[in-house]
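Engineer: The primary structure of each chain is shown beneath.
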Amino acid sequence: MTQPLKLRRVPAGNSFLRRLSADRPARAVYVALALLIVLGWLLFALDGGRFLSQENIVGIQQRSAALGIVAIGQTLVILAGSLDLSVAYLISLTSLVAAEIMAGADANVPAAVAAVLAVSALTGLVNGLIVTRLRVHAFIATLGVALIIRGALDERYDGPAGGVPESFQHLGYDRVGPFPVSALLWAAVGACAWLLLSRTRLGYRIYAVGGDAEVARLSGVRTERVVVAVHVLCSVCAGIAGLLLASRLGAGAPTVGTDGGYDLESIAAVVLGGTALAGGRGGVAGTVGGVLLLAVLDSIFNQLEVNSFAKDVVRGVVLVAALAIHARRRRTA
Amino acid sequence: MPGTAGRLDGWGHVLKMTGIGKSFLGVRVLTGVDLEASAGQVHAVVGENGAGKSTLMKILAGVHAPDEGKIEIDGRSVAFHHPVEAQRAGVAIIYQELTLLPERTVAENVFLGREPVRRGLVDRAAMESATGELLSSLGEESFGPRDLVRRLSVAQQQVVEIAKALSLNARIVVMDEPTAALADHEVELLYTLVRRLTGRGIAVLYISHRLREIFELADRITVLKDGARVTTAAASSLDTATLIRLMVGRELDSYYPPRATEPPGEVVLSVRGGGNARLHGIDLDLRAGEIVGVAGLQGSGRTELAKALFGAEPFTSGEMTPCRPRSARAGVAAGIGLVTEDRKAEGLLLNQRVRDNALLVARAVRRRQPGIERLLERVRLNPPRPAQEVRLLSGGNQQKVVLAKWMTVAPRVLLFDEPTRGVDVGAKAAIHELMRELAGDGVAILMISSELPELLGMSDRVVVLRDGRIAGELPAGATEEAVMHLAAGS
Numbered sequence: 001m002t003q004p005l006k007l008r009r010v011p012a013g014n015s016f017l018r019r020l021s022a023d024r025p026a027r028a029v030y031v032a033l034a035l036l037i038v039l040g041w042l043l044f045a046l047d048g049g050r051f052l053s054q055e056n057i058v059g060i061q062q063r064s065a066a067l068g069i070v071a072i073g074q075t076l077v078i079l080a081g082s083l084d085l086s087v088a089y090l091i092s093l094t095s096l097v098a099a100e101i102m103a104g105a106d107a108n109v110p111a112a113v114a115a116v117l118a119v120s121a122l123t124g125l126v127n128g129l130i131v132t133r134l135r136v137h138a139f140i141a142t143l144g145v146a147l148i149i150r151g152a153l154d155e156r157y158d159g160p161a162g163g164v165p166e167s168f169q170h171l172g173y174d175r176v177g178p179f180p181v182s183a184l185l186w187a188a189v190g191a192c193a194w195l196l197l198s199r200t201r202l203g204y205r206i207y208a209v210g211g212d213a214e215v216a217r218l219s220g221v222r223t224e225r226v227v228v229a230v231h232v233l234c235s236v237c238a239g240i241a242g243l244l245l246a247s248r249l250g251a252g253a254p255t256v257g258t259d260g261g262y263d264l265e266s267i268a269a270v271v272l273g274g275t276a277l278a279g280g281r282g283g284v285a286g287t288v289g290g291v292l293l294l295a296v297l298d299s300i301f302n303q304l305e306v307n308s309f310a311k312d313v314v315r316g317v318v319l320v321a322a323l324a325i326h327a328r329r330r331r332t333a
Numbered sequence: 001m002p003g004t005a006g007r008l009d010g011w012g013h014v015l016k017m018t019g020i021g022k023s024f025l026g027v028r029v030l031t032g033v034d035l036e037a038s039a040g041q042v043h044a045v046v047g048e049n050g051a052g053k054s055t056l057m058k059i060l061a062g063v064h065a066p067d068e069g070k071i072e073i074d075g076r077s078v079a080f081h082h083p084v085e086a087q088r089a090g091v092a093i094i095y096q097e098l099t100l101l102p103e104r105t106v107a108e109n110v111f112l113g114r115e116p117v118r119r120g121l122v123d124r125a126a127m128e129s130a131t132g133e134l135l136s137s138l139g140e141e142s143f144g145p146r147d148l149v150r151r152l153s154v155a156q157q158q159v160v161e162i163a164k165a166l167s168l169n170a171r172i173v174v175m176d177e178p179t180a181a182l183a184d185h186e187v188e189l190l191y192t193l194v195r196r197l198t199g200r201g202i203a204v205l206y207i208s209h210r211l212r213e214i215f216e217l218a219d220r221i222t223v224l225k226d227g228a229r230v231t232t233a234a235a236s237s238l239d240t241a242t243l244i245r246l247m248v249g250r251e252l253d254s255y256y257p258p259r260a261t262e263p264p265g266e267v268v269l270s271v272r273g274g275g276n277a278r279l280h281g282i283d284l285d286l287r288a289g290e291i292v293g294v295a296g297l298q299g300s301g302r303t304e305l306a307k308a309l310f311g312a313e314p315f316t317s318g319e320m321t322p323c324r325p326r327s328a329r330a331g332v333a334a335g336i337g338l339v340t341e342d343r344k345a346e347g348l349l350l351n352q353r354v355r356d357n358a359l360l361v362a363r364a365v366r367r368r369q370p371g372i373e374r375l376l377e378r379v380r381l382n383p384p385r386p387a388q389e390v391r392l393l394s395g396g397n398q399q400k401v402v403l404a405k406w407m408t409v410a411p412r413v414l415l416f417d418e419p420t421r422g423v424d425v426g427a428k429a430a431i432h433e434l435m436r437e438l439a440g441d442g443v444a445i446l447m448i449s450s451e452l453p454e455l456l457g458m459s460d461r462v463v464v465l466r467d468g469r470i471a472g473e474l475p476a477g478a479t480e481e482a483v484m485h486l487a488a489g490s
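Top line first, the protein sequences correspond to chains A and B. Taking our numbering, the leading residue of the first sequence gets 1, the next gets one more, and so forth. Taking our numbering, the leading residue of the second sequence gets 1, the next gets one more, and so forth.
Bound conformation, chain A alone (with noise of 0.2 Å):
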């Protein structure tokens, strides 16, 4: 799902294509995934299993779509210079928007959804406006706006609420062929967010504002606005996981984005596709990637039964190793 992806990002048959290659640190991250996948193969070879069957792979895919989705959103949003922090408290928002107003019922599967795409839409908006409206630190902004969030959901919920209809969560649970639906509709979003970063007047704004606001605006790129969708389109993405999560649970749950613990370790995933904090250096290949990796490590760890202050322990060696290799990388580069 993720290959076809990769190679579309470097133009095939360039007599650049090397060097081109060599400034992908996407590609990085792949060379590890696929070290980490033949370490547990071995691992789980030792352990009496089999690390690439069907039931793992299926795992994999399933555990990675929520936080793959969020990721993918998170990306275009630092990507552009700035960074979200209330995606896990709006993921448990529009979980529980999602499941009260379906209530069971099929019929209002739709109203749903479109609820759900509107308060995401929103809480981008009041994010983005507050980062370039107010001038407010996108770190302070998004932490600020996730805590009212969760002020609400206190007050309002104390445990799952809602239902979701039978239908709704073959959304999380069917598979067409060996590819949960989920995982099809995390490429999905991906595919998108390539696209607009590629492909798009938006795409190149967004590189640019993040690389250097004062060249984009030097240029005549409205640098707001830039900022502004960006953020609309990241909550919109978590929006897209908060309905995900819902069809899994069969109920919203004001619990479900912290639990997943999707605002770091969606920034954990960029960072480690090699996406710069900074902004204007990165893609949405790379961050596949991370959250695949990520993946892979959970599935191994359970796979060996490491308690899990052992593999947050790992996870962070990890992270921090990837970000020295990456920063080593571009020293020489």
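No wet-lab data here; the hints were simulated from the structure. These numbers were taken from a predicted model, which means no experiment stands behind them. In this text, a Cβ means the ideal position worked out from N, Cα and C, and glycines have one as well. Incorrect hints may have been included.
As the list claims (entries may be wrong) - Which residues of chain B face chain A? A partial, calculated answer using Cβ under 10 Å:
{"id": "1", "residue": "63"}
{"id": "2", "residue": "83"}
{"id": "3", "residue": "84"}
{"id": "4", "residue": "122"}
Said to hold, decoys possible - So the derived label-pair ranges between C-beta atoms look like this:
{"id": "5", "chain 1": "A", "residue 1": "144", "chain 2": "B", "residue 2": "270", "range": "56 to 62 Å"}
{"id": "6", "chain 1": "A", "residue 1": "144", "chain 2": "B", "residue 2": "388", "range": "27 to 33 Å"}
{"id": "7", "chain 1": "A", "residue 1": "192", "chain 2": "B", "residue 2": "363", "range": "51 to 57 Å"}
{"id": "8", "chain 1": "A", "residue 1": "176", "chain 2": "B", "residue 2": "183", "range": "55 to 61 Å"}
{"id": "9", "chain 1": "A", "residue 1": "329", "chain 2": "B", "residue 2": "75", "range": "53 to 59 Å"}
{"id": "10", "chain 1": "B", "residue 1": "236", "chain 2": "A", "residue 2": "214", "range": "36 to 42 Å"}
Dock chain B against chain A, hints included.
Structural biologist: Then chain B, alone, in the frame of chain A:
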């Protein structure tokens, strides 16, 4: 100039700026300046630092609005409120610091903000082929539209900027010190490029300190001094000596503290054959009690020299006694201090108090901290309030805080890089007095300044740099012309 007589009469000027005046915070930087540019000609604008060249160009580019005067392009009166408006009117500026996105390709940079679209998607093929055509029309074959700008040299990046200007259908191209960051062989390529531009009927405004380039390229020359136009003349009617006299000819009107009467003391810092990427074969002795001035054009390696002596960007070859510092910290430990050119970025923590800034170096090297009041009094900070945030101080007071920072560790050598840039007259005199006082206490001082009167007024001798080498040394009584001749290599 055959065939151009009509243009010189005043019709056919692509650009006509008349009576331009501009003040910043009550300080007059331009007064009644006239400037014209004709299609297919290179018009050089020359003058010392602070003569107003950059401000004039920024007014043309729509970065600043003029207080008075008017601008006409092709006979139509224009007023720009934003750089993009100037761009649309056909004015393109190639700044000293290039304004490109390093992580994007050449084509993406050329069409930034104006990407061609087909059926809703960016038409990459069209963008790249148009960029390719522009590049080949400029005779550029060493790189292509798909290369990342980060991988290009400065000279190649300039070509990208020029291609961008051409894609905007610029009629007037302003080049601000385009050769400052170029190697010798690249300068020749730039000449060719400029001639290609004029060949297309573009009016080029060329700003440079380097007189050789100006006589090589310019059809006409305008000399600015102290914010006013001295003259505009055909390049063929001027020679180097005349031009230098027009640029600097001024009375030495400022007061400088008297020089030391005693001969300088022992050598406290000595370099033999010092070199790194930007400097070559530097031989220099600094003696206790002496102020050595350093002159040179932009890009001649003045700042690099100070940073190498200090250790921030160390020499990689050569001998240095008592020791060759390899880091800023080593420089401080060796008793060397550097008052940097850009005090806001490199000299001060702007959001912190005077006290914390003044004690920064002492704390870094765990030296006993001196009484803050006496320190501030010594540097004549006015008013001496240690709890004030540094960003709220005037430029002059900020510079005094930088000085205080170094005085806490009693350095044996102090390097001053443009110590009075952006400082008012009163503070300037105070800083000059302080420098002389420090020298009197036995500190060896090196002073870089692009203001020649200051340099000649303060220094006991002047070392002139050119292209990273020492071009010569002049005694205290040297004239501005002598310095300029050495610096420009004429």
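Engineer: Hint by hint, note whether the structure agrees.
Structural biologist: Consistency of the hints with the structure:
1. 63: Holds: closest Cβ of chain A sits about 9 Å from residue 63/B, inside 10 Å.
2. 83: holds (5 Å)
3. 84: Result: holds, 4 Å to nearest chain A Cβ.
4. 122: Because about 5 Å separates residue 122/B from the closest Cβ in chain A, which is inside the 10 Å limit, the hint holds.
5. 144/A - 270/B: 56 to 62 Å: Distance hint for residue 144/A, residue 270/B holds at roughly 59 Å.
6. 144/A - 388/B: 27 to 33 Å: holds (31 Å)
7. 192/A - 363/B: 51 to 57 Å: holds (53 Å)
8. 176/A - 183/B: 55 to 61 Å: holds (60 Å)
9. 329/A - 75/B: 53 to 59 Å: Between residue 329/A and residue 75/B, where Cβ atoms are some 55 Å apart, the hint holds.
10. 236/B - 214/A: 36 to 42 Å: Since residue 236/B and residue 214/A have Cβ atoms about 40 Å apart, the given range 36 to 42 Å holds.
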